[in-house]
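Peer 1: Each chain, letter by letter, is given below.
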Amino acid sequence: MLLPERMNRFIVVGEKDELENVIERLYSLNIFHIKDFIEEGPIFRIGEPLERAEKYSDYLLRIRSLMRALKIKEVDQKYSVKEIEEIIQSKLDEINKRISEEMERYSRVEGTLKELEQLLKDLRPFEILGIRPSLCRGYEGISCFVGKIRNFKEIEEIISQFREECYVVRGDGEKDIYVAIFVPKNLSDKMASELSRTSFSEIPVPLVEGDVGEEIKRATEEVEKLKNELESISKRIGGLKEEYAGILLACEEYLAIEVEKAEAPLRFATTENFFVIDGWIPSERRDDFIEALKDFKVYVNEIPSKEEPPVYLKHPKPISPFKLLIDVFSTPRYNEIDPTSIIFITFPLFYGFMLGDVGYGALIGIMSYAIKRKMRSEGWQSLASIGLYAAALSIIFGLIYGEFFGFPMYGEESIFGLTYIHTPLHRFEEVVELLMISLIIGVVHVSLGLFLGLRNVAVMHGWKKAIYERVCWILMLFGGIILVYYLLPPLMEGVPLGELNFLSPIFLLGAVLLISGVAILIIGEGPIMIMEVPTLLSNIVSYSRLLAIGLSSVGIALAVNTISIELFLSKGGVLLLVGVIVLILGHSLNLALGIIGPGLHSLRLQYVEFFTKFFEGGGKKYSPFGRIRKYLKEG
Amino acid sequence: MADPLAVGLLALGAGLAVGLAGIGAGMGEQGIGAAAVGAMAEDEGFFGKGLLMTVIPESIAIFGLVVSLILLFVTLPSL
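So the sequence lines, in the order shown, correspond to chains H and F. Residues in the first sequence are numbered from 14 upward in steps of one, following the numbering used here. Residues in the second sequence are numbered from 2 upward in steps of one, following the numbering used here.
Because the hints were derived from the structure by calculation, they are not lab data. Keep in mind it's a predicted model, so treat the numbers as computed, not measured. Glycine included, each C-beta is placed from N, C-alpha and C at the ideal position. Wrong hints could be hidden among the right ones.
[To be verified] Cβ-Cβ distance ranges computed for the label pairs, FRET-style:
{"#": "1", "chain 1": "H", "residue 1": "535", "chain 2": "F", "residue 2": "78", "range": "39 to 49 Å"}
{"#": "2", "chain 1": "F", "residue 1": "38", "chain 2": "H", "residue 2": "507", "range": "49 to 59 Å"}
{"#": "3", "chain 1": "H", "residue 1": "437", "chain 2": "F", "residue 2": "78", "range": "32 to 42 Å"}
{"#": "4", "chain 1": "F", "residue 1": "31", "chain 2": "H", "residue 2": "251", "range": "44 to 54 Å"}
All chains, full assembly: derive it from the sequences and hints.
Peer 2: As structure tokens, then:
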């Protein structure tokens, strides 16, 4: 559980006649991680895909484009392989034709509709101007400029320059002034350059002949008609989608599987008559694998390997959601500790410690449960499970802190009347104690990380490196803690430095540990690494967020409660309603902050403070040849 | 009763600790946040990592908060 699954490397060699059967069997087994063959040397060549590959990928392409066009999402239907094979053989073309015909019609009508709408928009200025568009084009001796302008004065100035030689029509719209300017052709260049200096912007002259009003009426009617048609087409497309969604999804899955199988030889080494498949098997499935290939005329052999195997993180069901948090960071190396099961404990613990409120915990629990029921995708499922653990721990810590939406649960002001119970740990009254607990958690967490790192470095690079890279930090950490433990309390009480006993064995032990740690670090990694020593301190102090985030969350809750009760609820009347609204809004905001804040900071403590001590990452993920079927019945 | 001036200065110091640390954290986060959004535009899978990188400077704000908490809950009662 603390290490990725152990792997064995196998090769499968056989005659090409058996290739298809072997592929079929390996695919259904779904445990073999194929190592892709890279062509080198004169003997082996990359295999050729099976015959059906081309045909099937062509089908697959068409089905995927249909699915995209119809925007098909998940459905709850399953088909048998036989049904699907039959559909692909006989009905696929027809389905394809029906759907693409409708889609084509839709886009054609949509195109015409857009054109008409544009025309209507273009006709509008001419309606305002009161002239036919056909009067503004097609002259031999006259040029016409139609456009809009912000201020008519600009045009008046130009007209005065041209005097009788130009004719202007003006129309006032709601926002803009439209003008049509007619000038003799020989003056059109001059007019164009004059206009370019004003706010005049030209508008297109639509290619219609008749009267503007009539044209607008005709176009509007046409638009209405097309809109109705579009609606009926999209209704028909909706019907087709309903009818074929399940079938298309199943076909897509079937074809994807077949194409993957047919193209598998591209990952194998082959000669004229033989094939060689190279890959990895989880050690515990070793016997299943050998058993499964027994029926074929193939040679199956385990081979020793110096290469790093793919990484397969396997965990009991309660722990596996936390793999998500590892995936976001990086896949561990094959010989590295897999921290999933540690995070399983520490992430919800830190989260609960920070949030620590029965009310918020319960709400987060309900939300996580709802997500778990509604969202089927793997990521959401994992997230919801993590949310449930976090919620449980928040409720437990809420009981310890005695908080319910920021209201006290125990003591004299208890909202449940539990006056006889003393709050085990009051967050505002025992701040110093909580700060100490936070830092102790930090020390434990960081030293766990350092010890895991010691193990990782020792296994992967030998003990010498482990001492230089990790033991020195462990020595410094413990030396530092002993010194702080010895020196801090008297210093806080104001004892002068000179009166402390620097020869006491405790102080000497701490000092020796610290100095030897620094010395090893300098010998191992050079004096520049002294710069890194303070990070150890800042790492530990960083755990004070366990207290700080929690206090800010209680602070907001308390503020919301105080505002609502003292300003509104206690006054009665209409203010009662305002008070309730303030309560709901305030607590929703704080809940949102309470999900993001503790979640991110708990995660950050894992990633930044904990993982950096031991986790290298960059392993290759195990991805077995095969897939879990969603829309096809097994068998 | 403690000297009111001392109490006032202490409260002021606590406020400054949180406020200034917050400004510092914000300045740190602005660059990271902008870069993270850019990276996310390239690859949406970066969301998790980006969010995480963005909260890294938040430590500074938390150190400020801790300093002010110590001022208010440790130093103030001992005055």
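Peer 1: A separate judgement is required for each hint: does it hold in the structure or not?
Peer 2: Structure-based check of each hint:
1. H:535 x F:78: 39 to 49 Å: holds, 43 Å
2. F:38 x H:507: 49 to 59 Å: holds, 50 Å
3. H:437 x F:78: 32 to 42 Å: violated, 21 Å
4. F:31 x H:251: 44 to 54 Å: holds, 46 Å
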